[in-house]
Every structure is written in C-alpha cells, then in structure tokens.
Amino acid sequence: MATTGDEFTLDTAAELAAEEGSAGKEIQGRSPWALAWRRLRRNYVALGSLAVFILVVVACLCAPLYVSHVSHIPPNEVRLGDSVVKNGQKVPVISNGHTKIVNGVPVIQTGGIPIGAQYGATGGAYFLGADELGRDVVTRLLYGGKNSLFIGVTSAAITTIVAVILALLAGYFGGATDWVISRFFDLIWAFPVILLGIALGTALSVNGFHHFGINLSGSSLWITIGVVAFVFIPYIGRPLRGQILALRQREFVEAATAQGAGPIRIMFTEVLPNIASTVLVLFTLIIAACILTEVGLSFLGAGVQAPNPSWGTMIEEGQNQLATAPQISLYAGLAIAVTVLAINIFGDGLRDALDPRAKVRIEH
Amino acid sequence: MKRVRSVAIATVVAAGLALVVSACGGGSSSGGSSTTSSSSTGTLSTATYPTLNVVWGTTDYMDPGLSYRLESWQLFQDTYLGLVYKAHVSCLTGNCTKIMPGLATTIGTVTNGAKTYKFTLRKGLKYSNGEPIKASDFTHTIIRDFNMQSPGIGFFSNIVGIGACEANPTKCKSISGIVTDDKAGTITINLNTPESDFEYVLSIPFTSVVPGSTPNKDTENPPPAANGPYYIASYNPSKSFVLKRNPNWTKDEIPGIPNGNPDVIHGTMTDDLARAAQLTASGQDEYDEDVLPTDQLPHYKSKYPSQIKFWTNPSTYYFFMNQRLKPFNNLKVRQAVNYAINRQQLVNLRGGLGIQTWNFLPPVYPQYKKITPNPYPYNLTKAKQLIQQSGMAGTAVKVYTIGDVSVDLSTAEYLQGQLNKIGLKATLKPLAGANYFTIMGNQQTKAQIGFTDWFEDFPYPTDWFNTLLNGATIHPVHNNNYGNVSIPAQNKAMAQLAALPPSQALSPSTNAKWAAIDKAMSDDAATVPYLNGILTSFFSTKLDVACDVFDDNQDDIAQFCQK
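If you read the protein sequences in the order shown, they are chains G and F. Just add 456 to wherever you are in the first sequence, counting from 1, and you've got the working numbering. Just add 24 to wherever you are in the second sequence, counting from 1, and you've got the working numbering.
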C-alpha cells in the first residue's frame with residue numbers, strides 16, 4: 457500500500473524500490489533497518505508520540521532541578537503546618553480544622569483541605585497545589601514519574617532479555633527443554649497479570665527478598681521491578697518461541713549447523729537477528745504495559761511503597777480527596793495517560809515500520 | 025480490645041459523664057403523630073413505621089460470640105441482650121454508662137466479698153425462635169465463646185474454674201464457677217478475686233445470652249436466635265442485612281429497652297464512605313452509619329446542617345513505642361517523639377474530626393483529669409536536643425502503619441518525617457489492615473514504633489490501662505501492649521484498682537488513682553497519644569433527627585423516628 461506526500465505509509469521494500477524506479481532514479485540497495493527508518497520518519501504521529509515520551513522522560517529526570525530551583529520542597533517532606541505567602545498574605549498549606557465541645561456537643565470547624573494550584577503566585581511552590589501532607593504535587597509528579605518510568609523501562613528490559621533467552625532455548629532445542637519452558641510460560645500465563653502482581657508484590661513488600669545472595673528491603677523499587685518483569689515474561693516469550701520454532705527449520709540455520717556452528721552461536725548470530733525487529737516492537741509495547749502494571753500495583757499498595765512517590769501511589773493518595781483536592785490524583789492520571797498513549801502510538805508506528813505485515817500485539 | 029478501621033467506624037458518641045448519678049430527664053421529642061413513654065432511663069419515642077433503610081460499614085462477624093466491631097455491636101444492642109445492659113439513653117440527657125438489669129431482674133446481688141454475683145432471670149422470656157430463655161443458656165454462651173476461641177474470652181479469666189477452658193478453649197465443657205438453676209432461673213458467678221469492672225463485662229456482646237441449641241461455631245446465616253426487640257432475619261456478609269421485629273418480644277418486656285419504631289430495618293453494607301453518604305443524601309437510605317468522608321465534610325456540613333450530628337467517642341489515637349527495643353528503651357527518645365508531634369496537624373489530617381490530647385484516657389471518663397499544662401507542647405528544637413542527649417541520633421527506626429487506610433498511612437508518613445527531622449533515621453513499613461494488629465501483637469515482629477488506636481469495650485479504665493499498658497498483660501502473641509510498657513509501680517496500682525469491689529469502683533478516690541496512672545504514663549512518655557476521635561451520624565430528611573439517641577457508643581437505630 458503506497459501513499460504519497462506526508463501521509464502515513466506502510467510501503468514494503470519492493471514498493472519503495474518500484475517507486476524509486478518509476479521516478480527514474482537508480483534503485484539503491486537498502487538494509488531492512490534503513491527501510492524501516494524511512495517508513496518511520498514519514499509517520500509523523502509516531503514521531504510526535506516519541507517526542508512527547510522523550511519530553512516526559514526529560515522532565516522527570518529534571519525533578520531534582522525543579523526542587524532546587526523552583527519548588528524548594530523535597531518530594532517526601534511533610535509540610536502539614538506550613539504556610540505560604542500569596543499576595544502578601546500568609547495562606548496555610550493545609551486548612552486548619554478543629555473541634556470544640558460546646559455543652560457536651562462537638563462543634564466542628566472542618567479543615568485538612570490542601571492548597572490548590574498557585575500557578576506561580578507563591579513563587580514556584582505549589583504550582584499545581586499540595587497533597588494531603590502539604591507536599592508539592594508537581595515535585596511528586598516528577599519524582600513519581602521518574603520512579604514509574606524507571607520501573608517500567610527497567611522491568612520491560614529485564615522481561616525482554618529473560619523472555620528472549622528462554623524463547624531461544626525453547627525454540628532452538630525443542631523437546632524436553634521446550635516442554636519445560638513452555639509449561640513455565642503457561643503457568644505464569646494462567647494467572648491474571650494484576651492478581652499475580654498483587655500476590656507477589658504484597659508478599660515481597662512485607663519482608664523483602666533475601667535469596668540467592670540478593671538482599672532487597674520491602675520498600676526497594678527493585679522488588680516492584682522484579683514483580684512486574686516476572687509477570688510479563690510469557691507475553692514476550694511465547695510469540696518469540698513460535699517464531700524461533702519456524703526459523704529453526706530454515707535453510708540458513710541448517711547451513712550454519714553444517715558449517716559446524718554451535719547452538720549458542722547459531723542462536724545469537726543466526727536466529728536472534730531474524731527476530732530482532734519483533735523483539736524491538738515487543739519491548740516498546742511492553743514498556744507501556746509495565747508502566748500500567750506498576751501504576752496498578754502501586755495504587756493497590758503492592759508496588760512502590762510510601763512515602764516514595766509513583767503515579768500509582770499518587771492516584772491512591774488523592775482518591776479520598778477528589779472532591780476538594782483533585783490535583784493530587786488528576787495530574788498523575790493525566791501523566792499516565794499521556795505517557796502510555798505516546799509509547800503505544802510510537803510502538804505501533806515502529807511495528808509498522810519494521811514489518812508492515814506483522815501483527816505483533818501485547819495481549820493479556 | 026476493640027479496634028476498628030479508623031475510617032470505617034461511624035457510630036458513636038460518648039459523653040459518658042459519670043456512673044455516679046443515674047440522671048434521666050430531658051428526652052427526645054418526636055414529631056408528627058409520635059408519642060413518648062417515660063422509662064426509668066429516659067424518654068423513648070414510640071412511633072412505629074414499616075421500614076427503615078440504612079447504609080452500614082462492613083463488619084467481621086454477625087455472631088455476638090465472635091464479632092469485635094462496632095458495626096455489629098451497634099446492631100446487637102437491639103437484638104442480643106445479656107443479664108445486664110448499658111442504658112439506651114443519650115449521654116447528653118442521661119447516664120448512658122449506667123448498667124441496667126437486662127434478662128435478669130437486677131444488676132446482680134454481690135456477696136462473698138464482691139466475689140459472688142447472683143442473678144435471677146425474668147419470667148417468661150423467649151428467644152425469637154420460640155425457645156424459652158434458660159439460666160443454663162448463660163453457661164452455654166460462655167463455653168461457646170471458648171469453643172469458638174472468641175476474642176472476648178480474655179474477659180472471663182477471673183471466673184473460678186476457668187483455667188481448663190483457657191488452657192484448651194476448644195475442649196471447654198464446663199465452668200465450675202458458673203452455677204445455674206433452670207427451674208429457679210438463677211445464675212451464680214463466682215470470681216477468684218473482686219473485679220471492679222465485672223458488671224461492665226457482663227454488658228458486652230460476648231456475654232449476650234444465646235439459646236443452648238446454638239452450635240459452637242460461627243453462626244451467621246441466619247445469626248443465632250435473638251432475645252431483644254429485633255432479630256437478624258438475614259445477613260449477607262459485606263453486602264446487606266435485615267432486622268425484623270422479634271415475634272416473641274412482649275411490649276416493654278425489659279424496662280429501658282425500646283420496643284423499636286421501624287418494623288423492618290434494611291441495611292446496605294459498604295466501606296465506600298462517599299457512596300454511603302450519597303445514598304443517604306439522595307434519600308435512598310435514611311441513615312449513614314459510616315463516618316462522612318473528610319474531604320466532603322464541608323460540602324455535607326453546609327448543605328445538610330440539620331441532618332448531621334457529631335459525637336465525641338471514647339477513643340484515643342496514639343503511637344506506640346516499643347520499650348524493649350532501641351531507641352525507645354530510652355526515656356529521652358520517647359519524650360523527644362512526644363515533643364516532635366504537632367497534634368493539631370494530625371487533627372487536620374482527619375479534616376478536623378478530632379480533639380487533641382496528651383492524656384491516654386479519653387475525656388468522656390469520670391476518671392479523666394486533663395494533664396495541665398500540656399507536658400509535651402510541640403517543640404522540635406527541644407526534641408532534637410533530647411535525641412542528641414540520648415546518644416541515639418541516627419538510629420534506624422521502622423514506622424509501622426496500616427497501608428490501605430489513607431489517613432492512617434498519612435499519619436505514619438507524618439511521624440516518619442518528624443522522626444527524621446529530630447535526628448533518627450526512619451523508614452515506613454505499611455502493612456495490610458486486615459492483619460496489621462495481629463502482626464503488631466506478635467513479639468517476633470519487633471515493631472519499634474507505629475500507629476494504633478483504641479475504642480472502648482466498656483466504660484471503665486481497666487479496658488485501657490490494664491489491657492494496653494500493663495506489664496502483666498504482655499504476651500508473646502496477640503499482645504495488645506505493643507510498646508511492652510511495664511512500670512512496676514503502675515502495674516501494681518492497676519492490679520489493686522482492678523480488684524476493687526464494684527461499690528468502690530467509681531468513688532472519687534478511685535477515680536483520682538486512675539487519673540494518677542494516666543499522669544504517670546504521660547511522665548514516662550509511654551505512648552504518644554494525639555487525638556480523641558469524633559464521629560458523625562448522617563440522617564436523610566425522612567428521619568426526625570431529634571429522636572436520635574446516641575448512647576455510650578452508638579446511635580440506637582431502634583429509636584429512630586420519622587418526621
């Protein structure tokens with residue numbers, strides 16, 4: 457399917473060659489990666505999404521700068537009793553509430569409502585308001601994003617590496633090795649992602665992980681990373697195993713074997729390059745899934761542990777104050793939506809660029 | 025021993041002034057065609073109507089032998105009666121902590137140096153299933169509690185011959201200290217030593233008498249046959265319940281127990297505070313048992329000012345500090361933590377629903393004496409100095425809390441921040457609320473400091489000091505004294521006061537001694553008490569709020585009347 461101008465394109469190599477030939481140009485030899493880049497750079501929606509994602513990442517990485525130059529409020533610092541100066545007047549960060557007993561009956565002065573968005577009126581602090589403990593929402597949003605993105609990307613990388621290795625072993629060796637690894641995939645696949653994540657996250661957050669020479673406390677981000685990475689292994693491993701089973705029968709593998717190449721060499725120099733585009737697309741798409749899972753687990757208390765922020769914990773913290781302080785949950789929700797949407801659109805674009813006929817999806 | 029998720033409870037008031045005078049008077053007026061009838065304990069509204077719809081917090085059990093939650097106890101006050109009961113009168117107009125004769129004709133004849141209590145059952149009483157109420161049912165009730173390993177069995181440890189049951193609860197068959205005569209309808213309870221709070225113990229649901237035919241296991245669908253004006257016709261855990269009139273209840277059968285206004289009470293159960301409030305605001309339900317959501321409190325307070333009531337309740341929220349572990353085995357550190365906590369800020373966290381305190385005992389008790397001046401005014405500088413003087417600066421501390429209740433988590437985050445500010449190295453350890461107190465009660469957890477709260481079982485200080493801060497009641501598991509507080513002189517004083525005969529339990533000198541213990545605990549910085557809770561009652565426009573009777577612990581839904 458060829459399109460013209462700046463429209464989205466799914467051109468195949470043959471179609472692009474035909475296009476160049478019809479324009480009277482000499483047909484240039486291009487690598488599959490060059491062809492993919494040519495397709496991708498014409499997909500402005502995908503590139504725009506990539507730009508948005510990079511913007512989010514850069515903003516989150518700049519969180520310490522935001523604290524030191526703008527808000528001056530560390531992400532976990534409780535400021536319940538503080539006040540800020542706005543238009544020359546002191547305004548409490550959290551409104552004061554109290555109860556007096558009059559003739560045996562309590563008379564309530566309601567309080568506990570965090571200050572709303574100041575948009576610079578207080579010199580940078582509380583630009584988008586405060587949470588229930590008087591912490592700066594933007595600061596926690598940036599630090600929370602840093603945690604959520606770090607967990608998402610790292611767990612996606614771990615998942616991908618482990619899944620690729622297992623898929624290579626299962627697909628290449630077949631037989632008993634394939635059976636054991638496939639049943640392992642089936643076992644994890646049998647549990648809903650969130651339920652398995654909650655079970656593991658809750659169990660590990662109580663006492664941490666202290667096995668195989670690894671010592672992680674219950675509040676360590678690596679616990680969440682490990683849990684998220686573990687639950688997604690079959691979602692990458694199974695489709696790759698299928699592809700490798702097919703590649704295993706191809707002539708170039710037989711040729712490599714005939715030339716005396718060992719299994720490791722064949723797996724990593726012959727098979728792996730042939731699934732690289734699929735791996736890349738799956739990795740991109742699984743990042744979004746990992747971020748969403750981390751957010752879900754943190755929201756349910758089985759992910760990032762308080763007081764460390766993450767977008768999931770921020771939504772959870774703000775859910776009881778949606779009516780009076782929607783900023784606590786709202787902006788974290790928006791950040792998640794924008795980030796995941798950007799990754800997914802870019803991932804789809806990447807998939808279309810690398811293999812227009814592929815139907816790679818993360819399904820769970 | 026009753027702890028409830030702090031946001032899920034929504035009952036209660038207690039302006040328990042004293043157990044000194046059985047004042048009654050005043051009373052609730054009911055509008056429209058309702059009439060009132062006087063009783064010895066107050067004025068009861070008597071205007072019947074077909075159905076009352078209520079929204080309710082979820083609970084643990086609906087069996088009086090097992091439940092330890094206010095949500096159930098509030099229903100039990102109109103369904104399950106014991107030999108005695110706490111008066112169903114408003115604390116604002118009467119003595120709501122007064123012990124009244126229930127199934128028994130009197131509150132007990134006390135003899136043998138206050139070690140023997142004798143009761144005689146009223147004649148002709150029947151359960152909701154038609155079975156007659158027998159004296160031996162009381163013994164069955166207590167044995168059943170042991171067989172089910174009820175959380176209430178600790179209250180019976182002073183009964184003669186209870187040792188075998190305590191050693192092997194599931195094999196408990198008889199208790200020699202309880203002697204009953206079905207023919208004469210008498211029940212005699214022998215104690216090892218006098219017990220100042222024993223009549224209160226007999227008023228809690230664990231002693232509510234159930235038929236001898238009730239199986240010795242959790243019975244919830246339906247719950248055991250009732251002996252009050254209502255019975256629980258159905259219970260769908262965490263979803264709903266239905267209360268109907270007890271067909272075998274005779275009008276004014278037990279003086280002071282209301283016959284009840286609604287014929288049927290339908291309850292919808294939820295812990296979603298916003299939904300519960302909305303159901304009531306929309307008129308779909310007529311009473312919200314849950315506490316109003318703090319963030320929407322200003323909205324509801326301004327929109328429905330005449331339909332919301334606020335109540336003080338006998339509860340204290342506090343931080344425990346484990347005195348067996350560093351750094352809290354050091355008095356200066358415990359004092360520093362007390363100085364580092366700004367109690368007003370913790371009241372703010374609860375939307376203003378709380379009263380600052382530095383006493384351990386709540387102010388609703390006659391034994392309460394406010395410690396003045398405030399021994400620990402907020403002073404971060406002083407707290408830092410004390411930490412430096414203690415030599416414990418930089419010590420690692422884990423702050424335990426309930427992680428799935430937002431306000432409890434926020435409270436602990438505040439504590440963690442303050443501990444870091446004064447020089448300790450604090451990290452947070454949130455745990456699931458479902459097993460938080462079990463984990464805290466296990467010595468192997470080695471919990472250093474954490475959030476906790478306490479709601480009274482009965483209105484006497486033994487329920488506070490002897491249970492929570494007495495060195496003699498420290499256990500390896502199921503320990504309520506999380507801080508392992510043990511001050512020998514105070515342990516001795518508590519034991520002496522607990523062993524007083526009931527006739528001396530409320531004397532001014534006894535009250536003063538309890539107040540002295542409260543002061544001693546503060547001097548020792550045994551805990552960090554920071555607020556007494558305030559709860560809400562929210563009514564729809566269909567109900568006449570003036571009829572509401574908030575007794576020692578809860579609204580009496582049987583007395584709700586319509587406009």
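Hints are supplied without guarantee of correctness; some may be wrong.
Derived pair list, reagent style DSSO-like, types lysine-lysine, alpha-carbon separation capped at 30 Å [unchecked claim]: (1) G:602 x F:333; (2) F:241 x G:556; (3) F:197 x G:546; (4) F:449 x G:556; (5) F:275 x F:150; (6) F:445 x G:602; (7) F:422 x F:537; (8) G:546 x F:195; (9) F:275 x G:556; (10) G:556 x F:197; (11) G:546 x F:406; (12) G:542 x F:350; (13) G:546 x F:408; (14) F:449 x F:422; (15) G:602 x F:275; (16) F:394 x F:406; (17) F:150 x G:556; (18) F:333 x F:241; (19) F:333 x F:445; (20) F:543 x F:587; (21) F:325 x G:556; (22) F:408 x F:394; (23) F:263 x F:197; (24) F:263 x F:543; (25) F:566 x F:543; (26) G:556 x F:406; (27) G:542 x F:394.
To be clear, the hints were calculated from the coordinates, so they are not data collected in a lab. Quantities reported herein were computed from a predicted structural model and do not represent experimental measurements.
Structure-based check of all given hints:
Taking the CA atoms of residue 602 of chain G and residue 333 of chain F, the gap is about 45 Å. The hint is violated against a cut of 30 Å. For a cut-off of 30 Å, the pair hint linking residue 241 of chain F to residue 556 of chain G is broken: about 45 Å separates their Cα positions. Our distance criterion of 30 Å between C-alpha atoms is broken by residue 197 of chain F and residue 546 of chain G, whose separation comes to about 69 Å. Between the alpha carbons of residue 449 of chain F and residue 556 of chain G the distance comes to roughly 36 Å, so the proposed pair goes past 30 Å and is violated.
For the suggested pair residue 275 of chain F and residue 150 of chain F, the alpha carbons sit about 13 Å apart, so the restraint of at most 30 Å is met. A hinted pair counts as satisfied when its Cα atoms are at most 30 Å apart, and residue 445 of chain F with residue 602 of chain G qualifies at roughly 25 Å. Our distance criterion of 30 Å between C-alpha atoms is broken by residue 422 of chain F and residue 537 of chain F, whose separation comes to about 35 Å. For the hint pairing residue 546 of chain G with residue 195 of chain F, the CA-to-CA distance comes to about 67 Å; that exceeds 30 Å, so the pair is violated.
Restraint check: the Cα-Cα separation between residue 275 of chain F and residue 556 of chain G comes to about 40 Å, which exceeds 30 Å; the hinted pair is violated. Straight-line distance between C-alpha atoms of residue 556 of chain G and residue 197 of chain F comes to about 51 Å, which puts the hinted pair past the 30 Å bound. This hinted pair checks out: residue 546 of chain G and residue 406 of chain F have alpha carbons roughly 26 Å apart, not beyond 30 Å. Straight-line distance between C-alpha atoms of residue 542 of chain G and residue 350 of chain F comes to about 44 Å, which puts the hinted pair past the 30 Å bound.
For a cut-off of 30 Å, the pair hint linking residue 546 of chain G to residue 408 of chain F stands: about 27 Å separates their Cα positions. Restraint check for residue 449 of chain F and residue 422 of chain F: the C-alpha separation of about 8 Å stays at or below 30 Å, so the hint holds. Using a Cα cut-off of 30 Å, the hinted pair residue 602 of chain G and residue 275 of chain F is violated, with the two alpha carbons roughly 68 Å apart. Note on residue 394 of chain F and residue 406 of chain F: the hinted pairing holds, with a Cα-Cα distance of about 23 Å set against a maximum of 30 Å.
For the suggested pair residue 150 of chain F and residue 556 of chain G, the alpha carbons sit about 46 Å apart, so the restraint of at most 30 Å is broken. As the CA atoms of residue 333 of chain F and residue 241 of chain F are separated by approximately 38 Å, the hinted pair breaks the 30 Å bound. Proximity of residue 333 of chain F to residue 445 of chain F is assessed by CA-CA distance (about 38 Å); at most 30 Å being required, the pair is judged violated. Only pairs whose Cα atoms come within 30 Å are accepted, and residue 543 of chain F paired with residue 587 of chain F is rejected, the gap being roughly 47 Å.
Note on residue 325 of chain F and residue 556 of chain G: the hinted pairing holds, with a Cα-Cα distance of about 16 Å set against a maximum of 30 Å. Pair hint residue 408 of chain F plus residue 394 of chain F holds up; C-alpha atoms about 27 Å apart against a cutoff of 30 Å. A threshold of 30 Å between alpha carbons decides the hint, and for residue 263 of chain F with residue 197 of chain F the separation of about 35 Å lies outside it, so the pair is violated. Of the supplied pair hints, the one linking residue 263 of chain F and residue 543 of chain F is violated, its CA atoms being roughly 44 Å apart against a limit of 30 Å.
With a C-alpha separation of about 47 Å, the suggested pairing of residue 566 of chain F with residue 543 of chain F is violated against the 30 Å cut-off. Between the alpha carbons of residue 556 of chain G and residue 406 of chain F the distance comes to roughly 29 Å, so the proposed pair stays at or under 30 Å and holds. Between residue 542 of chain G and residue 394 of chain F the CA atoms are separated by roughly 39 Å; this puts the pair beyond 30 Å, and the hint is violated.
When the structure is compared with the earlier hints, violations turn up for hints 1, 2, 3, 4, 7, 8, 9, 10, 12, 15, 17, 18, 19, 20, 23, 24, 25 and 27 and for no others.
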